[in-house]
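Whenever a hint applies, use it, and build me the whole structure from the sequences.
2 protein chains.
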Amino acid sequence: MARPSRASQLPNLGESIKEAAWRQITESGASSLSLRSIARELGITAPAIYNYFSDRDALVTALIVDAYASFGDCQHEARESHPGPGREIDRLRATGIAYRKWAIDHPHRYLLIFGNPVPGYEPPMQELLPVMIRSLGALLAAVGELHALGRLDMEGVPHPSLEPGHRFSAIMETADQAELPVYAVAMVIWSRVHGLVSLEITGQFPPFPDAGAALYLFELDSICRQFVLPPDHSATINRRMP
Amino acid sequence: MARPSRASQLPNLGESIKEAAWRQITESGASSLSLRSIARELGITAPAIYNYFSDRDALVTALIVDAYASFGDCQHEARESHPGPGREIDRLRATGIAYRKWAIDHPHRYLLIFGNPVPGYEPPMQELLPVMIRSLGALLAAVGELHALGRLDMEGVPHPSLEPGHRFSAIMETADQAELPVYAVAMVIWSRVHGLVSLEITGQFPPFPDAGAALYLFELDSICRQFVLPPDHSATINRRMP
DNA sequence: AATTTTAGTTTACAGTGTAAATATACACTG
DNA sequence: CAGTGTATATTTACACTGTAAACTAAAATT
Chain E
3 MARPSRASQL
13 PNLGESIKEA
23 AWRQITESGA
33 SSLSLRSIAR
43 ELGITAPAIY
53 NYFSDRDALV
63 TALIVDAYAS
73 FGDCQHEARE
83 SHPGPGREID
93 RLRATGIAYR
103 KWAIDHPHRY
113 LLIFGNPVPG
123 YEPPMQELLP
133 VMIRSLGALL
143 AAVGELHALG
153 RLDMEGVPHP
163 SLEPGHRFSA
173 IMETADQAEL
183 PVYAVAMVIW
193 SRVHGLVSLE
203 ITGQFPPFPD
213 AGAALYLFEL
223 DSICRQFVLP
233 PDHSATINRR
243 MP
Chain W
3 MARPSRASQL
13 PNLGESIKEA
23 AWRQITESGA
33 SSLSLRSIAR
43 ELGITAPAIY
53 NYFSDRDALV
63 TALIVDAYAS
73 FGDCQHEARE
83 SHPGPGREID
93 RLRATGIAYR
103 KWAIDHPHRY
113 LLIFGNPVPG
123 YEPPMQELLP
133 VMIRSLGALL
143 AAVGELHALG
153 RLDMEGVPHP
163 SLEPGHRFSA
173 IMETADQAEL
183 PVYAVAMVIW
193 SRVHGLVSLE
203 ITGQFPPFPD
213 AGAALYLFEL
223 DSICRQFVLP
233 PDHSATINRR
243 MP
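Sequences listed follow chains E and W, in order.
One gets the numbering used here by counting positions in the first sequence from 1 and adding 2 to each.
One gets the numbering used here by counting positions in the second sequence from 1 and adding 2 to each.
Honestly, the hints are just simulated from the structure, not real lab data.
Note that beta-carbon positions come from the ideal geometry of N, C-alpha and C, so glycine has one too.
What the simulated footprint calls covered on chain E by chain W, stretch by stretch (three residues with Cβ under 8 Å from a Cβ of chain W suffice, anywhere in the stretch; the number is not a length):
(1) 111 to 120
(2) 149 to 163
(3) 194 to 200
(4) 210 to 223
To give an idea of the interface, some chain W residues facing chain E are shown, with a C-beta separation under 10 Å as derived from the structure:
(5) 34
(6) 116
(7) 123
(8) 163
(9) 189
(10) 195
(11) 196
(12) 199
(13) 201
(14) 202
(15) 203
(16) 205
(17) 212
(18) 215
(19) 220
(20) 221
Okay, structure coming up:
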């Protein structure tokens, strides 16, 4: 008995493996996923998985790619739900709201891609970069269009210069030099949003009901107030004078 | 041969185990630590460790407690390095600076206590709460004294109400109801600082030289500008009128 | 129909955490 | 000092993990 007849085996085993992996991850925590128990759940033997994923790491990478795709979809959909001129702030806020919603709906996926890496896992950047860029591209676009309208307040934001040889250099080399501060602002926004969300997801939060939602909305407001200039008003005027 | 003579064994084996564990963690990543390889490094057998730690989890807990203690020391030292009245902002900033410095000096310790938890590890809150409270107490004190001086701008900060039965309820029940917004502000500050630092530590950062330091200083400034009112000025005056 | 490829199985090996039984060095007691 | 008890290790054993190698039979191709 070396191979069951096709009738008795489920089609699309590759996808089934990933599904089982997600099921396990979402209940038993992040990196306690085991090839053997996946196989058990699917009624096959463990080495059979190696026909679809060369490695445990390869499986993890596939999961990460899927997670990034799902996250990226969610981000871009949110942004595109407020089309048209004059709604740039709505687009920025919508991506922010969607960020937390997706993270709370899929905490383990969030931690898988943005948390600290799985034990021995070294992420293959070449494979992950495209999906990473796309998923964070929504925020970048939202900030970028505000900048294009002259409505981005970059006061005090450090103007970065390129560092060659870094893992993310590929992203940056294509960018316009003049837009580098936009990246810096996006980075700050991302870090704030990530800070709150990751603390909330990992349970390191105060015992206040709806604290997550309330603090998150407060932070979105803070972000808009700090970085977004009011529309029109001809040029840049100092809006804060003590 | 069931037990080597005391001359040939190292004293304080309990501490030696933790040291070996740290050595392994700092080089081979967070949760790839193995009792057997610790034993190998110390020239003993694996089950001997069970005389000092009832579990692999117990060892991890001990490491976490130590990490919190080191982190807490660092935080309080930073705060106390600017004593005296009129230097409240210095104290707040110093704890902020120290926060990142400690995290960068001990990235694995940082991820161990503030990152996503180790695979199957369920943190024993009863044991960890005291060290957690103490370590975050420095920030809380820095924010609290500003509040006591009427220099804390809590505009828009959500006023939380208590939620019973939460893991952290013990902390909060002792707190003055009127000081709850102080906790909220401290929480926001912590989340911003944690967001930047955790992204920097896990390598999810743009390829800009010193981006971490520059963005971090920018965020500290943002925090002070948003939450700290200028001294004196009799009462509270609206400093932002558009 | 013969051959090759595909997609599984079985077997095996080196890891891991940990429970149970065992043995000995040391500290106490009679 | 002899005898006992306890602390601290070792040995052995078990269940679990990822994964490499050999093998086998179903399906596709020639």
